[in-house]
Structures are given as structure tokens and as C-alpha cells.
Amino acid sequence: MRITATKLVLQAQGRTIIDGVDLDIAPGETFGLIGPNGSGKSTLLRLLAGLERRAGGEVSLDGHNLRRIPRREIARRLAMVEQQAETTDCLSARQVVELGRTPWLSALVPWGAKDTAIVDEALYAVGMKGMSSRPWSTLSGGERQRLQIARALAQRPRVLLLDEPTNHLDIHHQLALLRLVEELPLTVVIALHDLNQAMGCDRLGVMSQGRMVACGKPAEILTPDLLRAIFRVGATLLTDPQDNTKVLRFHDIENSR
Amino acid sequence: MTEAVIIGAVAWHSRLIVRLALGLVVLALAVLAGVILGETPLPVSQVGDVLAHKLWGAASTVDPIDAGIIWNYRLPRTLVAAACGAGLALSGLVLQTLVRNALADPYLLGVSAGASTGAVAVTIMGIGAGAIGISAGAFAGAALAFGIVAALARAAGGGSGQLVLAGIAGSQLFNALTSFFIAKSANAEQARGIMFWLLGNLSGVRWPDVGLALPVAVVGLLACVIHIRALDAFSFGASAAASLGIAVRRVMVMLLGAVTLMTAVMVSLVGAVGFIGLVVPHAMRFLVGARHGALVPASALAGAVFMIAADVVSRVLIPGQVVPIGVVTALVGAPAFALILIRNRNRA
Ligand SMILES: Nc1ncnc2c1ncn2[C@@H]1O[C@H](COP(=O)(O)OP(=O)(O)O)[C@@H](O)[C@H]1O
Ligand SMILES: [Mg+2]
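Line order of the protein sequences matches chains A and B.
Mapping to the UniProt record's numbering: the first sequence position 153 is 153, numbers consecutive.
Mapping to the UniProt record's numbering: the second sequence position 10 is 10, numbers consecutive.
Rough simulated footprint, nothing fancy, chain A against chain B, three-plus residues with beta-carbon under 8 angstroms:
| # | region |
| --- | --- |
| 1 | 235-244 |
| 2 | 279-290 |
To give an idea of the chain B side of the interface with chain A (calculated C-beta under 10 angstroms), a few residues:
| # | residue |
| --- | --- |
| 3 | H13 |
| 4 | N101 |
| 5 | R229 |
| 6 | R249 |
If you are wondering where the hints come from, they were derived from the structure by calculation, not from laboratory data.
All C-beta atoms in this analysis are idealised placements derived from N, C-alpha and C, irrespective of residue type, glycine included.
Kindly generate the complete structure, drawing on both the sequences and the hints.
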């Protein structure tokens, strides 16, 4: 499913948080969002999910304006994993994932065997099958993050929005998650912190102060000049002798001003 | 739909009907107990006799005075108690779920105080007569209080902590307004009556009150039942609910409207009965878990049974004297609430 955004603008408390962002993400593409803290990645994802009513501009799914699609229909097509999700409700891991079926159920279509199978599959995909009866309050940050991803998968969306999903995850689960995202036949927009992980995306958009200042293939984007200008770091591109992939190594440049 | 899906749906709904029937049986037993027990317990056989006579015209041998006590006094009183208990428990549950705060209930958020103010204003000024007029006044007061509290919380930053603080301010304001109205306009006798009513009191309840309380409780319950999945989806907050496909605004308006209506009508009928909205949903979470498919019916049922029990206790606690029911619910509710706080200390 194609997701496009034109002239997205969001102002809050007199500040412009998102400042004229245009995007066009092709079906099946994995699009990475990078940028320093506070540059507007999370807010842009919320706008793409249609969660900010005050936003200006337009988001559309396969050419249909998001504002004219009922929320329930949006949730069947697009799932979002926010940077943090908290609850004080005493839910089990499995019950959290079951929430993902919400947009597919109604009085006429109650919970069925198919839903159970989808939830099982989602739990399995994030490696939480064995912990499905654990209460949410006893899970670690990384386990909670994986459950939220499973919940999003259980929505059976065609567009997946992920906000720094590798936060809290140990390195094994970070790599497992990125591989999962790559293999899913979905359109994925993913905000990432780790620029080396961002290299695995099909395309990258660089956010800075609410604007998308660059957009293109990772190799074109992650250049020493751009990294110096936007992220205020120096970078050297190294080659991993094992498989010849490029690796970025960063060094501080603030002191040498 | 395929055949398997239809069979699944039928199985699911028939389980639901069994549980519903079970709940109704428990409720009927509680109502029966409420009618039997009182200042002077009446034999079960007499109660059955009167009910059979009134409901399907069986011959009755009961003394007309006892029959009058059972039919005109105890039964409506018990039915209103059940409706109020269910309505207040559901109001508390919905508020806790929607505002994501364990402390939320109609009292804490000032809704009850607003309802009292509205009801007292109508009573004293004599605008509109009867239970409907007073309920309408209570509804206006409750909605106004809710609006003010929500606006204040929003202006203060919009967190759920701010909402609770705004609710406390709102309660104080509307309680002060109530006292002001009483001091300004009521004569001594009216004032005494109103103060007694404010503490919660079912002794004046008659059949017309049942005609108001029961439909409102049923409407409130239905509003919750059709939003069970929406309520579940609020587990991770309003924004998460929206991304799960819930039309958050519409659901909020419907459910908060139902809460305001239930609180207003219950307060106008029986006065300010505290703690049910706070304690019953928490106790039910402990028993049936956090999901609303079980929590909504369980809270409604437990609220009804708890209120009937509190009413019986209020009548028999001190022989020859009726203790305000709000005093009884607070005496049970406050320690129960303390237990809940202690139990939740690790999750705060
Ligand atoms: N609701 C809001 N009201 C005011 N400012 C906000 C709000 N949400 C985010 N911001 C601000 O917008 C900027 C972008 O935030 P965010 O999108 O979370 O950045 P990122 O995810 O890239 O770190 C930050 O400066 C943040 O403080
Ligand atoms: Mg962010």
C-alpha cells in the first residue's frame, strides 16, 4: 500500500513542529526516518497515522485521503507502534496482542479461531510465544516493545509505522526485529536511532527541526558532510571484511571547534 | 460469512446468554433479600405471596399493611438501590478506563457535587416539579461541573493527575455552591431534609422513582456493553485506542454522556452515595481481570448487590434509626479502598 504525504504542517504552543513535509512511499518499501532528538520523527509518524487532528496538509493511503477513511478502516490498513506504551491494567502478554484484533471484530464478528491463530503467529514472530501468559507489569522494556510490535502485526496491516522499535531491545532481538521488518511484505516507515541500522532501509528521510532536509538511498544520505551538518558528528565509512558491508564509525567534533 | 464463522458467533453469543441469565438470577436473589430483610424481617413466604399476587394476580392471604410495606415501600426501595449501585459502579469503571486514572470516579471528578448542586437548586427554587425536574437539574449541574473540571484540567496541562486535582477543586466549588443555596434560600426544615438527602437516603423512594432509575441504569449498561471493545482499547491510552480503530471522540461523548446521566439521576434520587464508583470496579478487576467483557457486567452486578446490602445494613445497624446509606458505603468503602491502594503500590 502506498502512503503519501503532502505539505504536512503541525504547530503546537506557537512552535512549528512539522514544517512542510512531503513524502511518497511505495508499496513494500522500507523507509527509515533519522534525525537528532526533537527533530520531529515521532510527530511525523503520528501525523502519518492520522493521530493529530490539528495537522495541516494531507496524508493518503493508495490515493485516499486519510481524513475521509473511518478510524476502523484505517486501523485495518495501518498499524503503529509508538515510542512508549504504558498501562496500569493487569493484562497478560497475550491479551495485549489480542488488542490488535480490535478493528476486525464487532458484535456480528466476535472473536474466533482465526483471531487466535493470528495472535499466536504474531507472538511467535517476535519470540514471545513462551511468555504469553506473563502479566504486562512483570515484563522488561524490551519484552513490552516486542509485544507492541506483535500487537501491530495482529492488526494485519498493510502499512506499519514503527517509532524507534529497537529501543530497549538487546542486540539479538534488534537484529531479529530488523530482519522481520525487512521480510514483511508491508510498507514500513521506521524511525531509527542507530544510523548503521538505518543503512538497511530502502530509503532514508532525514529530519531536522521539523523539516525533511534530505531523502534518498542510504548510501547517498549517510555522507560525512550530512552527518557533520545534521548530527554534529564526524564519521568514517569502514568496510566489514566479512561481507563487505559498509559500517559507520563516529567521532566527536564538538571539541575541535 | 462462512458457516464456521456463524457457528462460532452463535456459540459465543450463547455463552453470553448463559452468563447474563446467571447474573439476573443473582440480582433477583439480592433484590429478594433486600425486600425480606429490614427493620423487621418479613417471612419469605409472605414476600413470595405478595409478589405472586401483584405480578400475576395469585390469591393473597397476607395482611394488607404488610403487603403495603412489601409492595409500596421495600420493593421499590430495593430496586432503586440496585439501579443506583449498578449505575454508580459503571460510572466509576468508565471514568477510570477513559481517563486512565485509578482514582477516577464521579465523586472525585466533581460530577456528583455538580449533580447535588443542580438538584438542590431545583428543589429550593422550585423550578419544575417532581423527580424528573430534579433529575434534569442534577444533569445540568453534573454536565456543567464535568465541563468545568475537564476545561481546568486541560488548561493545567491535560494529564490525568491534573484532572484529579481539577476534580477536587470542582467538587469543593460545587459543594460550596450547594451550601450557599441552602443557606440563602432554604428554611430550617428544608435545610435539614436536604442535608439528610445529601448524605444518601433511600427512605423516600416510591414506584415512580423506579420508573426513572431502572431505565437509566439499563441505558447506561447498554452504552457500556456496546463499547466493550472500545473500553479495552483504552488500556494504553486514548491515542493507542485511536490507532486501534476507535473513534475516540464519539466514544468519549457517548460514554461520558452516559456517566453524567447515570450519576445525575442516581444522585437526584438517593443523594451523594460515595465509594461505590471507586471501590466496586477495583474489586471486580481483582476478581475477573482487566477486560471489560467481564468487568462491565461484573461491576454492574456487584454495584447493585453492594448497594442493596448497604441499604439493608443502613436500616438494621441502629435499631429504630436509619443511618444514611452514604455513611455505610463509606464505612465499608474507605477500608476497602485502603486495601486497593496498598495492593497497587508496586504499579503506581
Ligand atoms: N504535543 C506537543 N506539544 C508541544 N510540543 C511538542 C509536542 N509533541 C512534541 N513536541 C515537540 O516537538 C519536537 C519534536 O518532537 P518528536 O517528534 O518527539 O521528536 P523526535 O521523535 O524526533 O525525537 C520536540 O521539540 C518536542 O518537544
Ligand atoms: Mg521520538
